[in-house]
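Residue numbers (this note's numbering), protein chains in the order written: chain A, 1 to 552; chain B, 1001 to 1291; chain C, 2001 to 2228.
Any given hint could be a false lead.
Simulated pairs of lysine-lysine, DSSO-like, Cα-Cα distance not exceeding 30 Å [said to hold, decoys possible]: (1) C:Lys2223 to A:Lys47; (2) A:Lys216 to C:Lys2222; (3) C:Lys2218 to A:Lys46; (4) C:Lys2199 to A:Lys188; (5) A:Lys499 to C:Lys2195; (6) C:Lys2096 to A:Lys188; (7) A:Lys43 to C:Lys2216; (8) C:Lys2199 to A:Lys173.
In short, the hints are calculated from the structure, not lab data.
It should be emphasised that the depicted structure is a prediction, and the values quoted were computed from it without experimental measurement.
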Amino acid sequence: MKKTEIIEGYLGYMRESIEAVEKTRAKRLKETFPLMSLEEREKILKKFHPDYKEEAKRPAKVGPNKGDLMPHEVADLLEAYPLAKPKDIDLSKVDFDVDILIIGGGGAGMTAALWANYTGANAETILIVQKLRLGDSNSIMSQGGVQAADKPNDGPGLHYLDVMGGGHFTNDKKLARRLVSDAPMLIKWHEDLGVIYDKESDGTMVTIHGGGTCRKRMHSARDYTGLEIVRSLKDEVLNKNISVLEFTSAVELLTDEQKQVAGAVLYNMETQEYYVAKAKSTILTTGGFGRLHIQGFPTTNHYGATADGIILAYRVGAKLRDLDAVQYHPTGAAYPEQIVGLLVTEKVRGLGAQPVNKNGEQFVYPREPRDVEASAIIRECYKRNNGIETPTGMKGVWLDSPMIEILQGEGTIAKKLPAMLRQYKRFDIDMTQDPILVFPTLHFQNGGVIVKENAETTVQGLFAAGEVTGGTHGKNRLMGNSILDYSVFGRIAGINAAKYAKKAKIGKLTLNHVTKYKKMLKEAGIETDRKAPILLPEYRGEKVLSRTLEIF
Amino acid sequence: MEVLYYPGCSLKNTYPEFEKSTYAACEKLGINLVEIPEWNCCGVVPSLATDNVMRHLGAVRSFINAQEKGKEIGTNVVVTLCSMCYNVLKRVNLILKEQADVLKNVNDFIDDQPDYVPELEIVHFLNLLKNVGFDKLKERIVIPLRGLKVAPYYGCALLRPDRPKGVPIDDPENPTVIENLIRSIGAEPAEFPFKTECCGNYHIVFEPGIVEMRTKKIIGSARSEKADVILSPCPLCTYNLQHGNETLDRSEQVPVIFFTQLLALSLGVKSHLSTEMENQILKKIGGEKFV
Amino acid sequence: MSEEKNPMATIYIMGKAYKVPNTLTIMKAIEYAGYRFIRSCGCRGGFCGSCTTFYRVKNDYKLYVDLACQKRVEDEMYIVQLPFMPAEKPKWDIDKMKPTTDEVIRVFPEIARCLSCNVCTEACPQDIEVMRAIQALRRGDLEDVVNLTFDCISCGACSIRCPAEITHYQVFQLARRLHGKYETIPAKHLMERVKEIEKGNFDDKMSKLMDMNVEKLKQLYKKREIEK
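Using the sequences and the hints, build the whole thing.
See below:
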């Protein structure tokens, strides 16, 4: 076997390592690596999690979170000048006059729109603006599932404990309580909409474990959970005639003399025109920051995940939290090159696949909380040098997927992980026969805009839901709580924004907060030609090629 | 007897009673209907086009699936119920038997399935009954429908056009197969001059007036012959005749049912008639005891 | 050596030739060539269906379809993308419908024009047997439609190719929702849990947890039993 020859998708030298994995499989089927204690977890996080690398962060120089540590990539955007020039924007001409403006058309935005509509807001008075197409979002990519404590041996209390423990007890307790308490209701809502969850023949939900769960409460729709939910929401939003403006971004929020948020300045991505959208209440559902490639990591995120929401909210005075906590999903694809960074769902481990090193040895419990699992994989590759290096210089460990077929029966992968199987088959890798190579990938913005239990931010008239918010998950989110997050708080935001809009009186539209923010930047001595929000990442030319990580 | 069975879309969606009563009757008669796996729509609309490949695809894909299943169970007979499906399947099959170039064209186009070797025989259920023998059928009748006057309606698709030769299930000018069936179950066929009149077919979609005009005539004729029911072999005819009934006063209406429903009733198995209809028939034959 | 390590491919983006590393996906290759996507790029992970790409390769008459984010470039590839599927989204009120084929055909009468040509199936980048699903619908088997089309990402490639002008992805969406809403059994344990929460059965326990200090919560967390 030649080292550089490709055999069924893998290079010869990788095949040698796969043989080692096969040799230990029978033994490993009988034993699982032990779970870490809380103390061990703390130790490995401090040493190996990218969040604990001090030189990757700096304190914010201006704004409500002045002095708080942020990754450079986020601080760069907070310390950037507005993208839109005031002279291009005519506030006297209102292009859209609505009750509720929803910025972001992913899971949170669509859920908010529907519940605002159920609460009595007319479909015509709701406007969703979306940078890509409606539904193109991280929500649609979610594969693994959604948590809800609806089985007899489970309850919101246990779910709460898991959420808090996963977040290292840094979560906003009220938000976490709301998350777990509303969970079953939202799953029920999905069921009523016609979302097809995996069920037994008698209607019982098929539920499995996720990282950091004490009960099997992960509901799924094969490994297209996000797709199945989002396409149902999208269908319903369109059926209800809720207005949607695609390929349009919000580049600035608007305020009135009372300093309450009063809509947004929109930007048509195609014609490069600005629109003024006046609204009685505004909901931010813009998602996270994966496409900022914090510390150079590849990402699972969709094309538009560029932190626009936190930039807009920050300029209008909303306080943020936990932006220093970045979630690296422990298992992103590390090979082949074409799919580096794409998600290998946690469900693969949930179904029994173990992470193993190049010698076929286990080195971590397969379902530690995400940050702990990711740290263990980084340690295995970069400290202990037991990773497998790819031709482009990525390192990774094996995820022993054939174990699933042995443990759960032949054909399980095709039935429960069809998306994953297809993704690898495209590159001649058969994950039912061979393990797959994984390495942590930038997955989720744990922190974000501070919200209260009613989804209100610290600024009047501005609501927020989903990944753009912080607090619910503390410093680390568990698998299956992001769909839940956007469902629970998308609903709450929709209901409360609709109620608020009924009473709100909007005065004269201004961009005073932007003028003030620019002044603050100048006073802080920030001289730069950086502009924000960036709306889309820059990949033209060589920038599209994936970088070799320099982690240690 | 085991035969392959092609149901067609209408029987699966609009008129399940047509199929269910047939199944019930066949079980009693010892005929095992084996549904063709993954049958396609017969291609009713495109089959009327003049292009010589595309219009046959739906039928041929079903033939291929039938052919493969037929090898498994050892038969080449495909039975169908719906008149339109029968007409299309029969016609396409005859064309393929006779025109080697068309057959080759179609087989070349369908490169994702085995070739069709035109050896299937397409048979309408009425002819299958005829082959079983109406005398034999008579022996199995449990509830003879004495005193019931039945208008046998044929419509077009079972009889016309005779092109290519061999499509009609009976004499196109004076068919008798339904009458024979009616007699064998103990009822009396109405002499009914409009029995082969067209119901208006797909005009129901855009020109329902045409359908109303024609079905009124058909129903009126059946009524003047004192028919208690009109027996239909066709989902579309049934739909149109029922539409016609709806435009008439109750006193002028004649109920329309599928021939298999009456057959099932007389065989003493579930007829899938509405309870009201079934009771009305049983009352008519003096069979209070059956009610 | 570097040529060998980084072999280049010539691709034609809407007719214009560019040299790109042949290890790239179509999406990355288009970016490498200097384009910035606004349309035809969404999740970049094979789920959203926005980057549908049609292509031919040299000496081959066949028209291929794939997702730009999932397909590797080949030398002499002719590429065009489908940024939008021209089709109205029919509105329906799922609460007032029945799970039958007739209901679906009422919304999409063009289904009846299916010729069984199977071009839709050949166009699908997700390997869905599209024609089979349409025919399963005609047979009245919604569950079969669901199983055949669950992986549909609504990219519209089938619909652009269909001679009967069916918008399959919309048909399947309606079929899936009808099946999900009316033909699957609601989870009893879910309904019960929702009622228990509404009644406030967990309120006391939750309040106690909320009042606990972190140390105590940590003790509870450590002690919790992991379901086998």
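Comparing the hints with the structure gives:
| no. | hint | result |
| --- | --- | --- |
| 1 | C:Lys2223 to A:Lys47 | 26 Å, holds |
| 2 | A:Lys216 to C:Lys2222 | 17 Å, holds |
| 3 | C:Lys2218 to A:Lys46 | 19 Å, holds |
| 4 | C:Lys2199 to A:Lys188 | 16 Å, holds |
| 5 | A:Lys499 to C:Lys2195 | 25 Å, holds |
| 6 | C:Lys2096 to A:Lys188 | 19 Å, holds |
| 7 | A:Lys43 to C:Lys2216 | 21 Å, holds |
| 8 | C:Lys2199 to A:Lys173 | 22 Å, holds |
Of the numbered hints given earlier, the model fails none.
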